[in-house]
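*Asks:* Knowing the structure of chain A, use the given hints to seat chain B on it.
Here is what each chain is made of, one letter per residue.
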Amino acid sequence: MGSTLAQKVWDSHVVHRVATGSDLIYVDLHLLHEVNTPQAFDGLRAAGRGVRRPDLTLGTEDHNTPTIGIDRPIRDLDGRRQSELMRRNCAEFGIPLHRLGDPGQGIVHVIGPEQGLSRPGMTIVCCDSHTTTHGAFGALAFGIGASQVEHVLATQTLQLRRFKDLDITVTGRLPDGVTAKDLVLALIATIGTAGGQGHVIEYRGAAVADLSMESRMTLCNMSVEAGARAGMVAPDATTLAYLRGRPGVPQGAAWDAAVRGWTALRSDPDARFDTSVVIDGAALHPYVSWGTNPAQSVPIGGRVPAPADFADPEESAAARRALDYMALQPGTPMRDVPIDTVFVGSCTNSRIEDLRATADVLRGRRVADGLHMMIVAGSAAVRRQAVAEGLDRVFAEAGADFRAAAGCSMCAALNEDRLQPGQRAASTTNRNFEGRQGKGARTHIVSPPVAAATAIAGRLAAPADL
Amino acid sequence: MRPFTVHTGTAAPLRRSNVDTDQIIPARFCVRSTRSGHADSLFADWRDDPGFVLNRPGHRGATVLVAGNDFGIGSSREYAVWALQDYGFRAVIAPRYGDIFRENSLLNGLLTVTVPIEAVEEIWAAVEADPAEPVTVDLERLQVRCAGNVTAFDLDPDVRERLLHGLDAIAMTLREEELIVRYEASRHPALPTTR
Chain A
1 MGSTLAQKVW DSHVVHRVAT GSDLIYVDLH LLHEVNTPQA FDGLRAAGRG VRRPDLTLGT
61 EDHNTPTIGI DRPIRDLDGR RQSELMRRNC AEFGIPLHRL GDPGQGIVHV IGPEQGLSRP
121 GMTIVCCDSH TTTHGAFGAL AFGIGASQVE HVLATQTLQL RRFKDLDITV TGRLPDGVTA
181 KDLVLALIAT IGTAGGQGHV IEYRGAAVAD LSMESRMTLC NMSVEAGARA GMVAPDATTL
241 AYLRGRPGVP QGAAWDAAVR GWTALRSDPD ARFDTSVVID GAALHPYVSW GTNPAQSVPI
301 GGRVPAPADF ADPEESAAAR RALDYMALQP GTPMRDVPID TVFVGSCTNS RIEDLRATAD
361 VLRGRRVADG LHMMIVAGSA AVRRQAVAEG LDRVFAEAGA DFRAAAGCSM CAALNEDRLQ
421 PGQRAASTTN RNFEGRQGKG ARTHIVSPPV AAATAIAGRL AAPADL
Chain B
1 MRPFTVHTGT AAPLRRSNVD TDQIIPARFC VRSTRSGHAD SLFADWRDDP GFVLNRPGHR
61 GATVLVAGND FGIGSSREYA VWALQDYGFR AVIAPRYGDI FRENSLLNGL LTVTVPIEAV
121 EEIWAAVEAD PAEPVTVDLE RLQVRCAGNV TAFDLDPDVR ERLLHGLDAI AMTLREEELI
181 VRYEASRHPA LPTTR
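Protein sequence lines, in the order shown, are assigned to chains A and B. Note that our numbering has the first sequence beginning at 1, numbered continuously upward. Note that our numbering has the second sequence beginning at 1, numbered continuously upward.
Careful: at least some of the hints might be erroneous.
Said to hold, decoys possible - Below, in silico cross-link-like pairs of lysine to aspartate or glutamate (DMTMM-like), each with a Cα-Cα straight-line distance of 25 Å or less:
| id | chain 1 | residue 1 | chain 2 | residue 2 |
| --- | --- | --- | --- | --- |
| 1 | A | 164 | B | 49 |
| 2 | A | 439 | B | 158 |
| 3 | A | 439 | B | 48 |
| 4 | A | 164 | A | 268 |
| 5 | A | 439 | B | 161 |
| 6 | A | 439 | A | 340 |
| 7 | A | 439 | B | 49 |
| 8 | A | 439 | B | 86 |
| 9 | A | 439 | A | 465 |
| 10 | A | 164 | B | 158 |
| 11 | A | 164 | B | 161 |
| 12 | A | 439 | A | 336 |
| 13 | A | 164 | A | 23 |
In short, the hints are calculated from the structure, not lab data.
Bound conformation, chain A alone (with noise of 0.2 Å):
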């Protein structure tokens, strides 16, 4: 019997099998934030280990740091104790560290991909959820707690038991204005939060084969809202063509070499999944969330569901829940509700394709009276690139608020950028869980083309709608 894309990886990292079913895992590459991480250094110092190859471990600053006056310290002084000790602790370790301010610094998830770093058959891990996105290159990429990171930063190693295979098929091709987020807000919606338990997802079938590089990683990041430890898409040609001139990445004949290796990464025809799921591409439409976790969606022209819609008495009590929180009526359409925050962000959609999606729908426009547009690039990099192109403009013209450094801003909220209680956002974000982006705060995940139609229309709205 043949083998998965995922078990390949897996089974070229193990270091050893433990008698009992678990295996010893090599990691290729250790994403840290300053979240997360303090208490994993200080965990080594008490036991006198050190950082076994601070060579495959690189630092970034993104989770509370600020997106303006970043000239000026964190106001939150547990914050700035934080950032404080992740430059002691990597400096202290000799790991590498993206800085505030530096031209490399960004959101963990975007800038290992803009920098070479994730590439095809790696292991990856990163004290964060979202790690599921570097899976896009067919890496093994997967988010791990304080006491694993710890354990990496000694070890290199995780001991883990092999993960379950779910094979999801995208077949078709996306309508025009139905994006990755759309689809894999569909694929939430369908298999229910809990869904992708315990498995690798592998995304496959003609619509993902379509899917640029910067699509496949909103995808994969957003496996984790499925409840999968990882998402993968096995590498081809547009892999290639993204991976080919980064920094690091192999050239000439050893770039040739290397294009052998990847392309033989890929399920074999008569590899066995735990679990397979075919959607149907060309019958999706942009989707929305109404509730408090990512299944809890609807497409765009949907209404808000009643209770008594879900059988499943759990399902229905969450819905009931979940209305009370987002002061949601039954029945309502969708694009009816208003909105006075949209935030473009986040390492699900803040890459340079999502800034031009955003762009295309304001250029021309102006956003609401009223509604705050705030914008966040994902890596000082995608910043550059966004200036470079004139985006920065049509934003201020759009009157929208394009912020000056990069980060997760109002998608973690642990730095300034939080909603006040009661109000109500469009996200391009990951999570609408109960006060994500602030305290009784409301979120509906959105696209980013969606995002930028709903700042125009003041309401939950697509581009087609303007």
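*Replies:* This is chain B only, laid out in the frame that chain A set:
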């Protein structure tokens, strides 16, 4: 890590599914740099509600949390585990968990037990009828016991061994250092480095 063998205590019935780690501890409390001191941040946005389970007199001091499906989904923040432990919880009982939360909990000695929803419902009913009804989580016999009901659970044998004896996972891996060195020698030279 503090070993976990058998624990008996009172339980808090959290009748909710999809409790994500942002609910367990909101992000604004995840800027602290220590493993302890998070007790007051646990379920911070729900604690203002006098009807919230942890505010009900009979459930104060509970050491076993009994939750619905998919407890601990979302963010990888280990603060969620530390906050539960700081508050006093030693074990969580639920039908399903977010994968990263589950791994984090077991590395910290917070025993997360998986039982069918029917068993969760039985415990909810028992401890709501009598909050003093003790719940026992027995890692030696792989059982949850409450109000005369016994429910078996499963756990990865490596993890069970580590929890029973409070073993240090890193020290155990470092015993295989020779194999790590050997693997490193076989790695492809074209793989990226960060400096």
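*Asks:* Take the hints in turn and mark each one as holding or not.
*Replies:* Evaluated hints:
no., hint, verdict
1, A:164 x B:49, "violated (40 Å)"
2, A:439 x B:158, "violated (40 Å)"
3, A:439 x B:48, "holds (12 Å)"
4, A:164 x A:268, "holds (16 Å)"
5, A:439 x B:161, "violated (40 Å)"
6, A:439 x A:340, "holds (16 Å)"
7, A:439 x B:49, "holds (14 Å)"
8, A:439 x B:86, "holds (22 Å)"
9, A:439 x A:465, "violated (31 Å)"
10, A:164 x B:158, "holds (19 Å)"
11, A:164 x B:161, "holds (23 Å)"
12, A:439 x A:336, "holds (24 Å)"
13, A:164 x A:23, "holds (14 Å)"
In this structure, the hints that do not hold are numbers 1, 2, 5, 9, in rising order.
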